[in-house]
Amino acid sequence: MKELLKKLTQACGPSGSEQCIREIIKSELPNYETRTDALGNLIVEKKGPKSKIMFSAHMDEIGIIVTHIDKEGFLRFDFIGGVNPFYLPGERVQFQNGTLGVIGVEKLDKIADLQKSNLYIDIGVESKEEAMKLVKIGDTACFTSPFIDLGNRLVSKAMDNRVACALLIKLMQELPETDNHIVAVFTVQEEVGLRGAKTAAYGIDPDYGLAIDVTATGDTPKAMTMDVSLGKGAAIKVKDNSLLAHPYVKDKLVELAEANNIPYQMEVLEFGGTDAGAIHLNREGVPSGVISVPTRYVHSRSEMVDVRDLDAALALAKAFAKADLK
Amino acid sequence: MFLKELSEARGVSSREHEVRDLIREYITPHVDEVFNDSLGNLYGVKGKDKPGPKVMLAAHMDEVGLMITTIEKNGLLRFQPVGGIDPRVLVSKPVYIGKDKVVGVIGAKAIHLQRPEERTQVLGFDDLYIDIGAVDDDSAKKLVKPGDVATFATSFGEMGDLVVGKAFDDRAGCTALVELTKLEFNCPVYFVFTVQEEVGLRGAGPAAYRVGPDVCLVLEGTTASDVAGTDEEGYSTTVGAGPAVSVMDRSVIAHPKVVGRLFRLAEEHGVPIQNKRTITGGTDAGAISLSREGVPTAPIAVPCRYIHSPVTVMSKSDLEHMIKLVELFVHDIADKGVDFE
Amino acid sequence: MDLAELLKSLSEASGVSGYETMPADLIAERWLPMADEVRKDALGNVIAFKKGKGHGKLLLAAHIDEIGLMVKKIDDNGFIRFATVGGFDFRTLVAQEVTVHGREKLRGVIGAKPPHLQSPSEQKKAYEKDEFYIDVGLKKEKVEELVRVGDIITINREVQKLSGNRYAGKSFDDRACVVMLTACLERLTEVHHNLDVYLVATVQEEVGTRGAAVSAYSVNPDLAIAVDVCHGEFPGVRADRGFGLGKGPVISMGPDTHPKILEKLKEVADEAKIPYQLEASTSARGTDAWSIQIARNGVACALVSLPLRYMHTSVETLDLADIKEGGRLLAEFALKADREFVEGLPCF
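Residue numbers (our numbering), protein chains in the order written: chain P, 1 to 326; chain G, 1001 to 1341; chain X, 2001 to 2348.
What the hints contain is simulated information worked out from the structure, not anything from laboratory work. Check the hints yourself; a few may be wrong.
Said to hold, decoys possible - Each computed DSS-like pair below joins lysine-lysine, with the alpha-carbon atoms no more than 25 Å apart:
(1) LYS222(P) to LYS2073(X)
(2) LYS2113(X) to LYS222(P)
(3) LYS1142(G) to LYS2273(X)
(4) LYS2260(X) to LYS1101(G)
(5) LYS2266(X) to LYS1101(G)
(6) LYS2008(X) to LYS2247(X)
(7) LYS136(P) to LYS1257(G)
(8) LYS2273(X) to LYS1145(G)
(9) LYS1145(G) to LYS2247(X)
(10) LYS2260(X) to LYS1142(G)
(11) LYS1073(G) to LYS1145(G)
(12) LYS1142(G) to LYS2266(X)
(13) LYS1101(G) to LYS1073(G)
(14) LYS2105(X) to LYS1145(G)
(15) LYS1099(G) to LYS2264(X)
(16) LYS2247(X) to LYS1073(G)
(17) LYS2142(X) to LYS2105(X)
(18) LYS2266(X) to LYS1099(G)
(19) LYS1141(G) to LYS1050(G)
(20) LYS2336(X) to LYS2247(X)
(21) LYS2273(X) to LYS2324(X)
(22) LYS2057(X) to LYS2260(X)
(23) LYS222(P) to LYS2129(X)
(24) LYS71(P) to LYS170(P)
(25) LYS232(P) to LYS2073(X)
(26) LYS326(P) to LYS2040(X)
(27) LYS2273(X) to LYS1141(G)
(28) LYS222(P) to LYS232(P)
(29) LYS2247(X) to LYS1141(G)
(30) LYS2266(X) to LYS1145(G)
Said to hold, decoys possible - Covered stretches of chain G (chain P as the covering partner; in silico rule of three or more C-beta atoms under 8 Å from a C-beta of chain P):
(31) 1244-1254
(32) 1269-1278
(33) 1293-1299
Unchecked claim - Using C-beta positions, here's what the derived DEER-type ranges look like:
(34) PHE271(P) to MET1001(G): 40 to 50 Å
(35) LYS50(P) to GLU2037(X): 24 to 34 Å
(36) GLN2160(X) to ASN241(P): 28 to 38 Å
(37) GLN2160(X) to LYS1145(G): 32 to 42 Å
The structure displayed is predicted, hence computed values, not measured ones. Using N, Cα and C, we set each Cβ at its ideal position, and we do this for glycine too.
Throw the hints in and build the complete structure from the sequences for me.
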């Protein structure tokens, strides 16, 4: 799991440019036929006569897009998804073609004045012409940060949401015997508004939706009030800004966790959203829920997860995949 | 081209009938079928049964405007914006109200009557009134009623290659689409003139759901800020440098292969093209791309200075180049099909 | 039908967004004898079908959910910290009595630091959400046994009958309009109406008009009227933003209203001598009309509103006459709008 997670988190896939991630996932699932839809969602299916369950994990990560290249070859950029500008000075970025750069900041009187318009990317060139050999306007890049293994705790960029991609790959690799129709969807463009999940759900028309995604925690010094901690198990979502988890799905997850001795915690998130927000509003409505992986420092270059929570989340996803649903 | 007629026609979001009626008249001789739906979206269909991918071309008919909400005892009209209007552009402008085109002006307290500190404050929608010359509410009510909408009273004008007028967002796209109906293509093409883009991309989603296209281009008028006081990195687009294609905005990440084809065709045929560099704003492409199982979509636009104001400025050659590029794109789709995986 | 009694039953039922079972079951039971069919969909929307002469499909929607609170943490002293579901004015939460819907129902009160212990500058400020807690009078261990993170909390409030036709209570937004739909349905049982009518008590409106979106997809109507509350007149509220109580339902004019439905509503109201008010509104964002209008191929829509004072508090105040007149208006519309009208909707 750690190796797979390392490979996935270190790859670059900002929203709209998820092709690298898609290729890695395909290579991990050689025994399945996969298909890619018009927006780029990767769909992996195991047919069955009973409930059609759409599992979803988004492939994309936050990043930047180039909006201007100046005479000296400095790049100006805008954000893709929820990027915090205060994390950025000194940050490093990687473009799709491998070009690297560092983020600099204009002279500011005080740091509180920092806005994205004060930031630029330096790719180590001296002119616009040189820059344009490497990068074009509209090119996207992700932030870079090495994967570090702290024992139970793992740290990398893009744990949001490659951790769920890894779990969904494992689920399909180790899929338990079941009559349910399992559709695993590795979605695109979640960070810019749950877009891939919306069109994928329309095409699949599932009976149930289950997103796997990261969630915030309240277990760090002077954190917000939230009852989710690292290492205390998979989080079963009750609400976020995109979804009120369907009581039947939520209660089923609790029941399965208890029956299989899987550590779990209940999650009430006062912001944010996941693919389940789009899936549950598909067509005539789809009862949906979320298994969340507690994650510290979400949307920073050092997102931290706990392997014990990953084990719990995988066990819970497997239990749901083979559950007898009404 | 009908840019003047379409610019001067009035069509605030959900009240697009004047624009729709004009366009229907213009396109009817050139398409196989014309109809509109109950939201008011207008469809022109050409080559419905031809083989090849179904192409949808969309432009929105509506413009931003003002809605009269109540009439004061002294006969002045209170209003709220329909769509995104910066209230700072409103002061001392004439407007046309309602179907009878009642003339009004947006007044403000004369500068002589203002305290020095008032002079630097923005006048918001709650501080502004429309004066139609009525002496009291009873005489005003004979001419205007709450719910009526107002548009800027701007006449179209030419300044060399540049033109000035209101509502080039998106009558530029509508004009292009009307011109394109005159051409022949070897694939089914749906020309869709949408409603209510300015109040939340409302018409385009249902239209795309109805058409179910394989690929879509959204023809727009978009922001240009190539003007004094803006650093070059904030230009967004440049007037006269060709149509602008968005890679990404707040509503959509344009399909990379659609964008790629547009740039390739522009290069092959020597048509100028530019990136829209900033990623603010949204277009109908947002709603269309997420219709049903997803539609590969990209926005292409004529750069317009002073957008959403009474005086928008754009270049005729940008418009002509947009028409050319869209024509090339549709031919290319008909010849080579879609390959968007 | 005793509309006041139904209003009281619905208002006092607990049905926070996502957890609408109690009021939804109640209304399904009331609609069943009057409708041809009543069903619940996957998200819990209650959909009643009342067959007409088949001139077209009309969807009438009013939402059954209410705003509420949700347990987000139980602190070391057994106090419950909460998140909100839907939009609250936190100033209205001070010193309210609540029910915590745990393994059993617990009575609780909303507490905050008392003014005596606040500095003069603190006293001038409104309480913020994280300064509140719920006290159920139990020790932490007992609370944890009975209450779980994610459990729902509702404000307790019995309907208050004020003088005349006026009533005050919680969740009149929008259950008063569900009562209006019921009044319409009752009237429809007495006449041969042209349109086939689908009445929908929608879920999850307060968190983004979610139930309406999926029910409009499944019903796939030709036209729809969303029914929701608007602000009642009140000192300090401008005349174009607050509407008279007891002066009849309010018909919206704006981008979300189809001009022909607007005209027809005015026409049938005039014919049947139903009082009504008009609102110039530039957006129906935040009502079910917002979702319904763009379902599938698009739906010709209108928005009819019920004037309500003190919206999103537990003392929302209305006039019962507006509910009755609103019910009549909807029924008259279903009775008189005919095939020709429905087929003419694209022509405007």
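Taking the hints in turn, this is what the structure says about them:
Using a Cα cut-off of 25 Å, the hinted pair LYS222(P) and LYS2073(X) holds, with the two alpha carbons roughly 15 Å apart. Between LYS2113(X) and LYS222(P) the CA atoms are separated by roughly 20 Å; this keeps the pair inside 25 Å, and the hint holds. Taken as a hint, the LYS1142(G) and LYS2273(X) pair is honoured in the structure, with Cα atoms around 24 Å apart against an allowance of 25 Å. In summary, the hint linking LYS2260(X) to LYS1101(G) is supported, as the alpha carbons are separated by about 21 Å, within the 25 Å threshold.
Proposed proximity of LYS2266(X) and LYS1101(G) is supported: the alpha carbons are some 24 Å apart, at most 25 Å. With a C-alpha separation of about 22 Å, the suggested pairing of LYS2008(X) with LYS2247(X) holds against the 25 Å cut-off. Proposed proximity of LYS136(P) and LYS1257(G) is supported: the alpha carbons are some 15 Å apart, at most 25 Å. Taken as a hint, the LYS2273(X) and LYS1145(G) pair is honoured in the structure, with Cα atoms around 22 Å apart against an allowance of 25 Å.
Between the alpha carbons of LYS1145(G) and LYS2247(X) the distance comes to roughly 19 Å, so the proposed pair stays at or under 25 Å and holds. About 22 Å separates the Cα atoms of LYS2260(X) and LYS1142(G), which keeps this hinted pair within 25 Å; it holds. Among the hinted pairs, LYS1073(G) with LYS1145(G) is consistent with the structure: their alpha-carbon atoms are about 13 Å apart, no more than 25 Å. With a C-alpha separation of about 19 Å, the suggested pairing of LYS1142(G) with LYS2266(X) holds against the 25 Å cut-off.
Note on LYS1101(G) and LYS1073(G): the hinted pairing holds, with a Cα-Cα distance of about 22 Å set against a maximum of 25 Å. Between LYS2105(X) and LYS1145(G) the CA atoms are separated by roughly 53 Å; this puts the pair beyond 25 Å, and the hint is violated. Annotation: proposed proximity of LYS1099(G) to LYS2264(X) holds, straight-line Cα distance about 19 Å (limit 25 Å). For the proposed pair LYS2247(X) and LYS1073(G), the alpha carbon gap of about 21 Å is at most 25 Å, so the pair holds.
Distance hint between LYS2142(X) and LYS2105(X) is fulfilled; the C-alpha atoms sit about 13 Å from each other, no more than 25 Å. A hinted pair counts as satisfied when its Cα atoms are at most 25 Å apart, and LYS2266(X) with LYS1099(G) qualifies at roughly 19 Å. A C-alpha spacing of about 54 Å is found between LYS1141(G) and LYS1050(G), which places the hinted pair above 25 Å, so the restraint is violated. Between LYS2336(X) and LYS2247(X), the direct Cα distance comes to roughly 23 Å. Compliance with the 25 Å bound is thereby established for this hinted pair.
With a C-alpha separation of about 13 Å, the suggested pair LYS2273(X) and LYS2324(X) falls inside the 25 Å cut-off, and the hint holds. As the CA atoms of LYS2057(X) and LYS2260(X) are separated by approximately 16 Å, the hinted pair is consistent with the 25 Å bound. Taking the CA atoms of LYS222(P) and LYS2129(X), the gap is near 17 Å; set against the 25 Å cutoff, the hint holds. For the given pair, LYS71(P) sits about 48 Å from LYS170(P) by alpha-carbon distance, which is inconsistent with the 25 Å threshold.
Between LYS232(P) and LYS2073(X) the alpha-carbon distance is near 15 Å, which keeps this suggested pair within the 25 Å criterion. Note on LYS326(P) and LYS2040(X): the hinted pairing holds, with a Cα-Cα distance of about 15 Å set against a maximum of 25 Å. This hinted pair checks out: LYS2273(X) and LYS1141(G) have alpha carbons roughly 23 Å apart, not beyond 25 Å. With a C-alpha separation of about 19 Å, the suggested pair LYS222(P) and LYS232(P) falls inside the 25 Å cut-off, and the hint holds.
Under the criterion of a C-alpha separation no larger than 25 Å, the hint pairing LYS2247(X) with LYS1141(G) is consistent with the structure, at around 21 Å. Distance restraint check for LYS2266(X) and LYS1145(G): the Cα-Cα separation of roughly 15 Å lies within the 25 Å cut-off, and the hinted pair is therefore satisfied. Counting residues of the region 1244-1254 of chain G whose beta carbon lies closer than 8 Å to any beta carbon of chain P gives 3, which meets the minimum of three for the stated coverage. Three residues within the 8 Å Cβ limit are the bar, and the region 1269-1278 of chain G against chain P gives 3, so the coverage statement holds.
A count of 4 residues in the region 1293-1299 of chain G with a Cβ less than 8 Å from any Cβ of chain P is obtained; the coverage claim is therefore met, three being the minimum. At about 48 Å, the beta-carbon gap between PHE271(P) and MET1001(G) stays in the expected band of 40 to 50 Å. As the Cβ distance of LYS50(P) to GLU2037(X) is approximately 27 Å, the hint placing it in 24 to 34 Å holds. At roughly 33 Å, the beta-carbon separation of GLN2160(X) and ASN241(P) lies within the given 28 to 38 Å, and the hint holds.
For GLN2160(X) and LYS1145(G), the hinted distance range of 32 to 42 Å is satisfied, since their beta carbons lie about 38 Å from each other.
Going through the hint list in order, the structure does not satisfy hints 14, 19 and 24.
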